[in-house]
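Protein chains: 2
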Amino acid sequence: MLRVYGMSTSGNCHKVRMALEALERQYEWTEIDTVRGDTRTAQFLAMNPNGKAPVLEIEPGKYLPESNAILFYLAEGTPLLPDDRLARAHVLQWLFFEQYSHEPYIAVARFLRKFHPDPGTQRPLADSKMNGGYRALEVMENALKNAPFFVVDRYTIADIALYAYTHVADEGGFDLGRFPAVRAWLARVQTQPGYVGMPA
Amino acid sequence: MLRVYGMSTSGNCHKVRMALEALERQYEWTEIDTVRGDTRTAQFLAMNPNGKAPVLEIEPGKYLPESNAILFYLAEGTPLLPDDRLARAHVLQWLFFEQYSHEPYIAVARFLRKFHPDPGTQRPLADSKMNGGYRALEVMENALKNAPFFVVDRYTIADIALYAYTHVADEGGFDLGRFPAVRAWLARVQTQPGYVGMPA
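Line order of the protein sequences matches chains W and X.
For any residue, its number in our numbering is found by taking its place in the first sequence, counting from 1, and adding 6.
For any residue, its number in our numbering is found by taking its place in the second sequence, counting from 1, and adding 6.
Any given hint might turn out to be false.
Copies of the same chain look alike in the list, so a pair counts if it works inside one copy or between any two.
What the hints assert, rightly or not - Pairs of lysine-lysine, DSBU-like flavour, derived with a Cα cap of 30 Å:
hint	residue 1	residue 2
1	LYS120	LYS68
2	LYS151	LYS68
3	LYS58	LYS151
4	LYS68	LYS58
These are calculated hints, taken from the structure and not from any lab test.
So that you can see chain W by itself, here it is in the shape it has in the complex:
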């Protein structure tokens, strides 16, 4: 049985839940709290020496960290990942875009404003993430202007990875008002079979 060690309110962890539900896979979920330090215990570091969630337990003793590596692993051989070699590379292009050019701004601003124990002290740092986040949203808006999804004409793990923090970007202080194609795509993702929302 697959098991996810994850924090439900983390977009990186929620990606994995979205993929498992879309694929109708059976799994168990062990809830952890990264703010409380659950990713710094010896037990957790044995699963992921980099001390980050989520981790997928494939079987006891066999662990896979990194949310987007987990998405790729789960999606291989399913409709969530195209078979065509170049299309698969474009999926990876968006997964790396998400981790380098999107998450460090949009997810970090959200964390600092909503989950930090003392958000008032973090405001200058959170504010410094806004320009980078808006740049990522502009790149997404352009990509979605004439396409229903990021890579091919159907839902893939590229959409799951980018949905995870974009649909809660408002919690980071981002206004999606000037990104109509992004908003239409968020709504489109929510109609996909097996769609599951992030727990409140």
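With the hints as your guide, set chain X onto chain W.
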């Protein structure tokens, strides 16, 4: 004919050269200067709307950005990427580790100290990258203590991706003295068939 749009002194670009040389692929290289703004021209943004190098031109009009997506694309079906599904996922795990937990510290510190037009003004920012960079090096050291390479018993694109900025980490102010397994691995990479050094 494959064409790379890249800056030779960039680790992200050098990865692509290392993979192409290891695979004995024919390619052309168009040198660009990101500091001069070559990635912000309309021509470049048409290839990669995210405005970052490298970009692989697969054929005229067909472009693939993101260094690690390019590595995966080039390596599929070759010894640089394992066939086993879980091993492939572990390769991706290290590629995402590199872009999220390594490059933003080690590559950025190197850029600020060595390539920024006015490095003196950037010193506090460069100094702020050191802890994160050393954390990444510790994770690498642990992974390499009992293994010759990151994922399997041979050289893969996980090694190429992590080599690119680790072998010039000293230029970012990092001391590899307390990372003997990392240093032995750097030397091992340099003996691989088709190894090519970064131009000075």
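(request) Compare the structure with the hints numbered earlier in the document and write down the numbers of the violated ones, lowest to highest. (result) Hint 1 contradicted; others consistent.
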